[in-house]
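> Sequence:
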Amino acid sequence: MSKQVRVRFAPSPTGPLHIGGVRTALFNYLFAKKNNGVFFLRIEDTDQNRFVPGAEEYIMESLEWLGIAPDETIGKNEKFGPYKQSERKHLYKQYADELINSGNAYYAFDTAEALDLHRKQHEEQGKTFIYNWHNREKLDTSLVISAEETAKRIANGEDYVIRFKTPVDETLHLQDIIRGDVKFETNLLDDKVLFKSDGMPTYHLANIVDDHLMETSHVIRGEEWLPSMPLHILLYRAFGWEAPEFAHLPLILKPVGNGKLSKRDGDKLGFPVFPLEWTDASSIDKTVSSGYREKGFFPETVINFLALLGWNDGTEQELFSLEELVQKFDLNRVHKAGAKFDPEKNKWFNHQYLVKQNDADLAKAFAPIVAEKGFSTTLEMTKLEKIVSLIKERAHFVSEFWDLSDFFFVAPKSYDEKASKNWKEETPALMQELISVLGEITDFTSLNIETIVKDWMTKNEIGMGKVMQPFRLSLVGALKGPHLFDIVELIGKEETIQRIEKAITTL
RNA sequence: GGUCCCUUCGUCUAUCGGUUAGGACGCCAGGUUUUCAUCCUGGUAAGGGGGGUUCGAUUCCCCCAGGGACUACCA
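Residue numbers for the first sequence follow numbering that gives the first Met the number 0, beginning at 0 and rising by one.
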């Protein structure tokens, strides 16, 4: 029996979760569930300067809305808690010390200013400053001074960081589930800071320590982390720990132009990049970024579309429920190349799920909009459900419902110009006749009205278009919308006749 | 600049050496519909370039080009 699958999503709370992060979380979730494993959420807030209030809650709420909430996290099954790195602060120093003692790390006293200067000077000469084997003994480190001297400087309160002592002259062949064999020369790597002068670990140290302590079996993360895989593997080795398996996901790219989709893209591209609406409290004007939820996307849409960005099951199926995804997901079928986000196809997915929703739920979602227009009391829910069932095939979002159904609530205020051309000289007389036909119908239901009206037309040899077009124009104000007799039944005999009369006088 | 990753229709993708290179979104046309939408039918459109390996390459290898990521005491 192989060991239990435990995967994590480990965002830092520097703002709202963006769509690429959501995809990473989703793939972790799918992989965990597929393998009867555990999906946990860890908050990586080792950089106190970048902490954004509300971001942590936002992340949790987003995952919950999408239906991919973690099995373990802050306040939930805290088997390996705390799940927030700032609360694990006391843990990391001892591991940094362990690396110092084993000769895998060293103290460095260089100031940020000194390093900046080095970088600038190198740049001016067209060279790149890399803090590693070739210069670490020329810099201000514990490698070149005595242990006593080092201890003294630290005791004096001098600022220092702890850097990893990258091994020399090695070619690393690393295995990535998605990319296969990836090669790195250790001589080209730099000695990353593991422990900062503010007493906090960097991402690299905290991440490895926590993944080990939390018994992470697989690290599934974005491709932007691929360059730090050698460092991470080397760290596991230095600690003598078994490393988890790695899988680096392809990036989600902007739909137009180049580059990866980023938080800064906000609403500029005409679609949300965040699952939930987010108000930037730090901005002067309290900038609001739209969210999928508020825009009327269903969680199923977001899940389905994101799952297919970089993965497919090898068949031609495109509509998947979360359960199906769990069943079929396979990391080995994840793509290597980045994928451009296609807002059009995303909308198509939402239409698919909109049509699938049951009418009662849609009516419930539509009701507040109707109420806002001032029709709350005049309508019972069953009628609203009926309306929704008639129009949903024409919509991508619930927010489009009103424009597609306003004529159910209120008579047209104007008539579509182009359509009015169908209003000919003989039309008023015909409409007058239609009124009297309608007036005599007692069973005022769609099918019955249709039968009677069509009978009347055939008996009098009146062409369909001559009646139906003006009839629709009178009720709807344009040549669009659901089956006409369904509209007639819903608005009722009296209203129908009134609207025809109004059309006769107006047109 | 350096390191690493990637490369099939406009976009998302299938193809595990031999296919008329398939599907979906979009777009166009036709049909259904009194109308719009849905739906159905059809069409549009692709293996970056150059070398190899092979009887045969989209598929395997190399080079180039292009794109991307990373290159902080940020994650």
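Everything labelled a hint here was simulated from the structure, so no lab data went into it. Heads up, a few of these hints could be off.
What the hints assert, rightly or not - Subject to a maximum C-alpha distance of 25 Å in a straight line, what follows is the list of computed BS3-like cross-link-like pairs (lysine-lysine):
#1 K259 / K335
#2 K294 / K385
#3 K92 / K33
#4 K253 / K339
#5 K385 / K259
#6 K363 / K335
#7 K137 / K126
#8 K346 / K151
#9 K479 / K501
Bear in mind the structure is a predicted one, so any value in this text is a computation, not a measurement.
> All hints are to be evaluated individually against the structure, with a verdict given for each.
Structure-based check of each hint:
1. K259 / K335: holds (14 Å)
2. K294 / K385: Within the cut-off at roughly 24 Å; holds.
3. K92 / K33: Violated. K92 to K33 sits at ~36 Å, over the 25 Å cutoff.
4. K253 / K339: The given pair, whose Cα atoms are some 6 Å apart, holds under the 25 Å limit.
5. K385 / K259: With Cα atoms ~44 Å apart, K385 and K259 exceed 25 Å; violated.
6. K363 / K335: violated (42 Å)
7. K137 / K126: holds (17 Å)
8. K346 / K151: violated (64 Å)
9. K479 / K501: Holds, at about 19 Å.
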